[in-house]
Amino acid sequence: MIVSVASGKGGTGKTLVATSLALSLDSAEEVELLDCDVEEPNAHLFLDLKLTKSWNVCVPVPEINELKCTHCGKCADVCAFNALAVLEKKVLVFPELCHGCGACSYLCPEAAIVERDREIGVVEGGASGNMLFFQGKLTIGEMMAPPLIKATKKHIDKDRMVFIDVPPGTSCPVVEAISGSDFCLLVTEPTPFGLNDLALAVGVARELQIPCGVVLNRSGTENSAVEDYCRQEDIPVLLKIPLDMEIARAYSRGIPLVRGIPSWREPFRQLFRDIRQRISDN
Amino acid sequence: MKELVVLSGKGGTGKTSIVASFAALARDKILADCDVDAADLYLLLRPDEEEKHEFWSGQVASIDRERCTQCGLCRQVCRFGAINEYSVDTIACEGCGFCYQVCPVKAITMEASLAGYWFMAKTRYGYLSHARLRAAQENSGKLVALVRENARSLAQKEGLGLIISDGPPGTGCPVISSLSGVDLALLVTEPTLSGIHDLTRIVGVCRRFGVPALVCINKCDINEENTREIEHYCIEEEIRVAAKIPFDNVVTEALVARMPVVEYRDGQVAHEINNLWRFVLGALK
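Respectively, the protein sequence lines represent chains S and L. As numbered in the numbering used here, residues 1 to 282 make up the first sequence, in order. As numbered in the numbering used here, residues 1 to 285 make up the second sequence, in order.
Do not rely on the hints blindly, as some may be mistaken.
The list that follows gives simulated cross-link-like pairs (lysine to aspartate or glutamate, DMTMM-like), each with its CA atoms no further than 20 Å apart [said to hold, decoys possible]:
| hint | chain 1 | residue 1 | chain 2 | residue 2 |
| --- | --- | --- | --- | --- |
| 1 | L | K244 | L | E272 |
| 2 | L | K122 | L | D64 |
| 3 | S | K153 | S | E110 |
| 4 | L | K142 | S | E124 |
| 5 | S | K150 | L | D89 |
| 6 | L | K106 | S | E124 |
No lab work stands behind these hints: they were computed from the structure. Computed from a prediction, not measured in an experiment: that's the story for all the values here.
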């Protein structure tokens, strides 16, 4: 069972919810937490574990054999991403634009292109108690998160209860992170930004046909707009976390909510039971 | 012409609230919202009118079943798992066109997709260039580049000397697209472990692309110890801390009232943002 924790807007509390959900479960439950926010992986800051394993993640990029190359221009013609430019006597490769599709090397009439691996980041892993943890970390200056998210998700053990911390936004990294999930939890806040970006995130979940529910973080007196929206769209509000300085302080120190304020453990366990029920009803 | 971008690495640190206040304080500028996934600045600047244009970008493969001989070559060459049973999974398709190139019976065409919309809006604070990527689309970096290009060409036409951009969270493609070639990056952080961790990463991106940076510590009093740690880090990295803004619910109240906080209520937050703006102006000169 895979549950992803997403939001359109950043900073609404995805990591808080994902870590507390994973930590709230019984020790009998086999849990796995994946941090797929590879541009800014933060979940490990809240976990008491060492990252003991590391795998380099590479993407294939073309390398031109100038001895064989006739500068015919075919590779640049077929590249949809402008990652190759053919000059009179030289081919320029822009590896950070390359999506690694392999078309150029396959279609080169002179077989002058080979692919080499280029590292874009690492996947790191560790374990603590009943939890396995993996995170992707994109190298600074690298553009493309999706291949690294894919590599992180290769570590999913389907027999475990898997939670995925998803990057903010609505575009390709989000799609890569939440696709294949049985349920998507959308974390939002009761502000015009929270509402606007929740609606965008719902659009992505629906596009991927993944059932979703809402966690309303920093809830208070201004909840009605978000709650009205959820009612209209028939999306359940599964948990509310109030705006509270004690919660904010624990978060600032890297203490998971269910550890810092243990009375929150039961609401998170209930949240998990609700999600499981909804998945089995689906 | 000068370009300022406000970034943070971590989302939700207060970029858009600060940019909206800059919009109220700055003269002769154009605003650009470079967060095309979740553009929120227009919610505070409330455009009076705007032009809307389609953004066609990227391509998606499509298989003509009449022509297809089910040879399977397309599926064999596709590295994105986008071809199942001789039809294209349009979400998985990256638009590389490899299948289109190799199909022996030319049964595959590449079709442009409507990836989003871009807008040029008139607000009481000046022009706002912004955009909206459609759900689950690619090419946010290209759309960010277009938002900046639109802002630049209008600034040139109108003789305006400054572009203030609200940047996206993260460090990847849209962030790099919003950062490359700007004159100054203002990095808004918060004194949480996540905020510090993400600040160090976005500082790395600024260094990598040679963009000078300033730091603003927002909600500085939620953890004084972490605030001191950020200040020490900035000294070591030789980055100036331009402002420390205390936590105050007035920021959320202003947001709910859909107003820049400096216009919503006078107080310490408004005062600090005013000082921050003067600091940024000095750094841009």
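Status of each hint after checking the structure:
1. Taking the CA atoms of K244/L and E272/L, the gap is about 7 Å. The hint holds against a cut of 20 Å.
2. For a cut-off of 20 Å, the pair hint linking K122/L to D64/L is broken: about 45 Å separates their Cα positions.
3. Of the supplied pair hints, the one linking K153/S and E110/S is violated, its CA atoms being roughly 37 Å apart against a limit of 20 Å.
4. Simply put, K142/L and E124/S have alpha-carbon atoms about 30 Å apart, too far for the 20 Å limit, and the pair is violated.
5. Straight-line distance between C-alpha atoms of K150/S and D89/L comes to about 17 Å, which keeps the hinted pair within the 20 Å bound.
6. A C-alpha spacing of about 43 Å is found between K106/L and E124/S, which places the hinted pair above 20 Å, so the restraint is violated.
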